[in-house]
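Numbering (our numbering), first residue to last: 10 to 919.
It is worth saying that the hints were derived from the structure and are not from the lab.
Note that the coordinates shown come from a computational prediction; the quantities given were computed from them, not determined experimentally.
Heads up, some of the hints might be wrong.
Cβ pair distances, simulated, as ranges [unchecked claim]:
(1) Ser763 x Gly702: 55 to 65 Å
(2) Ala670 x Pro856: 52 to 62 Å
(3) Gly732 x Ala817: 50 to 60 Å
(4) Gly610 x Ala738: 56 to 66 Å
(5) Gly822 x Pro856: 36 to 46 Å
(6) Gly610 x Glu736: 30 to 40 Å
Where a beta carbon is used, it is the ideal one built from N, C-alpha and C, also for glycine.
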Amino acid sequence: MRIQNPSICAIRISVLLLTVAILAGCLEQPDTSASNFPEPGVSAAAKVYQTQYDTLVSDDGRQIVFPEIHHKLLLEGAHRLFAVVRFQDGSKFGKEKIKLALNGIRDRHSLTFDLASDAEWELEGREWKLFVDLTGLRFRGGQSVLARIAAVQSKGGQVRLWVSAPRKVSHLELRFSDETRQRGSAALPRVIFDRIQYGSSAFFHRLGSLYFHADQAVRGFECSLNHARFRSCQSPATYWLRPGYHVFRARAISLSGRRGPTMVHHFKKHWHSEDVRITSTLPEESPTASTSMEIHFQTRNNPPWFMWEWILRLAYNARCRGHHGKLKACVWLKDQIYGGHWGTHAECQLDGAGFYPCRSPVRYQNLNDGAHTVAVRSLRDESAADEYSWIVDSLKPEISWTQTPPPQTSEKAAMFGFTSNEEVEFYCSIDGSDFNHCTSPVQLNELEEGSHRFAVYGVDLSANRSTTLEYLWQVDNGAPILALTQVSPSEPLTSSAQMRFDFEANEPAGFRCVVDTEFPPPDLDAFQCSSPLLLQGLSEGTHRAYFVAVDLQGNQSEAVRYDWTVDLTAPAISLTLLFPAFVPTSANGAQFQFSSDEPLGFTCSLDGVSLGSCSAPFSVSNLSQGSHTFVVRGVDAAGNEGANSFGWEVDSTAPVITLDAIIPPEEVTESRTLEVRFSVSENAEVLCEVDGGGQVECASPFIVNELADGEHELVISATDGAGNYDEGAHYWTVTSPVVVTLDSVTPSESPTVSSDAVFEFSSNNAESYECKLDDGEFEPCTSPMAYFGLVDGDHSFQVRGVAELGDAGDPVGYTWNIDSTPLEATQVSVSQITQTTALITWTTNVPADSRVQFGIGNLNGEQYDAEMTTSHVVLLQNLQPNSLYGFQVSSEDFWSRFVQSELQTFRTLR
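Please model the entire structure based on the sequences and the hints provided.
Dropping the structure here:
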């Protein structure tokens, strides 16, 4: 039987029994590392922590033991209890039952749950896992599981669970989920266990260091080993440990000084032993190119049959009895575990994976490249294992060149450098010879002329051989021969600023060129070049170029030289017109004089037509109307062409003047300004003259201002460059405008009550007048002009003067209103009467002033407002309280019409 997380207890288990009892002290504490376990039925948003209780499992898979439950259920919050059932294989035993009892009593406190419940199954590897919620299960007495546990704990007792299960059940766990809130305080710190570390030697292997930490910032820790008194401690807590079972407890002290819950960890200290020893490996070397490994090992000190025994020492030291039921002291467990012989029973582990049963030799295939470790331990002592580590390297090394000679060279020595991506030994060969051990770099000397081959490969520590690198090169010591095949331009005197050279060598070679130097290469001005070589932007003067060929081995030919001169200046030609004296001209002939600053032969052309060779002076005749161009050319010895030209125009057609617009266009006008817009058919000199006052240069538009009354004349003339002439004229008369002045109007006010109107008017130059009343037509009239019996309403009068030529001037006018309605005063009232004031209001049909006469007994008081209005408001002030006042209102309009109301009274307040 194998033990998982055993406690210090005395247990006796019969092989034939399907039940296990656990007594006081046989306990397992919460494994807080399982705090993220997703318990069924618990809200993901709830603040929960899970407590997992491990179990003792027998080898036959039937007997499952739960330790004491120290999880207090009396705290505030919600609690749930789950059973997690795992099977050895994929089978499900729906008809099987699992029985659960408290404190080892199987009577009325026991309960049974069916594996074929509605809970959901999950396949995990080769195991089936089932979560069963035990919270709602009740004993036959009607008490729930949680209530029963809480009841036992409330009396100071501890709960023990007894379980029987089907044979195929391999593991059964109880897990609690709770949400505990402490009123008025923050959550207390919890201690989380990390690991145990022992000393490496046989002596210091008894020294154990326990590492832990808190889930929040704390003031400190308190620790206890094997139920000793709590003392201040820190992580790691180090103890001298005897072989056997131990219990370590730790709790954290919060920053406020409160102690958190106790973390309890059970562990077993093993003897430092060498029960397993790895004796040999195949292959033996490391690193190795083999992806397989065979490990041979031996086990020792394992008797063929052996016995396990646990004893629990209770406080009352009761003697163990040979039966079970209501056990008070302890139980015993005996079982035959393994029978065997030397070198058979062990557990192996590869690269940190889980341990599994194995026997020597153990073989591994298809290993990946990299580091590997095999650990072998005996079944007797799982804490002590022998290990073997090695490296698999099946990859070929990669080598590359770091230095090589040129593919073509004249050097008889060569240097080769090479490197690898890992540690290797290099082997080299020259020109097909045997490969021998070598190191980088390799120096080769006294090489013969011709082709050569160098090869190298590398072998790493795992005997992997790289790909062979080969390099071919040529050694050549003969000089090449260079020749210029074409030069363009080919003449040594040229007017071109560029030059092209074509050249070649009698063997593959590179070229070096030098321009405008007295020394052939090599020198600092030599540059790499290729055929053809094109030189551009050459300056005037003498130039020289050298050409040298260098073959692939570096051999240099004799230099080839070429000299030439660049003349970029064209000859200067002067050209003079002898006849006519000026241009443009109406003459149909011309004569020219020309010469040059250097000897030249001349050619002439007229209007693009060659006239052949010519000499000065040179004449042309029978020219047609239009533009003409005469060109004379000359070419110097370098081929530079000079030219000069003269252009002129033969024109015998006079320009045409067109008067496009005259503003104002009338021949008789009152305007004292004239604007003339004109155009000329060709470029010409334009002159304008007004009333014979002399010609002036002018352009369109031409404007004349401040013209006097009377007749006027404008003459515009145009003369083109050839002397051709044309003119145009305009004649018109300027008269003064007729202006009428309205001298007087009777009546002069508006509105007015008069139905008659008289108008007097005059003019400085009117021959007659025309008058208009309201919407009527203009009719002849004289001043004064009178109208009688006009009706009430708006009226208008206009008068205009007529000039001698019959043109009417702009009219002047007058508008007025006639209103003969009598003045009326209505809606006379008094309001807002107080002890000393009263407000008098009334309205009139036309604007008028406001007057109120008032008094006690007689109207000796008066209030007056001169504002002309139709709504009248007068405030009487300084009145006597509780007095009877009389008042009359009156108004007078613009036309002195008067209206007065009847007498009215009012009394002031007391």
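- Ala817 and Gly732 - C-beta distance against the hinted 50 to 60 Å: Holds, at about 51 Å.
- Task: Using the beta carbons of Ala670 and Pro856, state whether their distance is inside 52 to 62 Å or not.
- Result: About 57 Å separates the Cβ atoms of Ala670 and Pro856, which means 52 to 62 Å holds.
- Query: Is the gap between the beta carbons of Gly822 and Pro856 within 36 to 46 Å?
  - Reply: 25 Å Cβ-Cβ, so the 36 to 46 Å window is violated.
- Task: Indicate whether the distance between the beta carbons of Ser763 and Gly702 respects the range 55 to 65 Å.
- Result: Given range 55 to 65 Å: holds, Cβ gap about 58 Å.
- Cβ distance range 30 to 40 Å for Gly610 and Glu736, holds or violated: For Gly610 and Glu736 the Cβ distance comes to about 52 Å; the hint is violated.
- Query: Quick one: are Gly610 and Ala738 within 56 to 66 Å, going by C-beta?
  - Reply: 58 Å, holds
Comparing the model with each numbered hint stated earlier shows that hints 5 and 6 do not hold.
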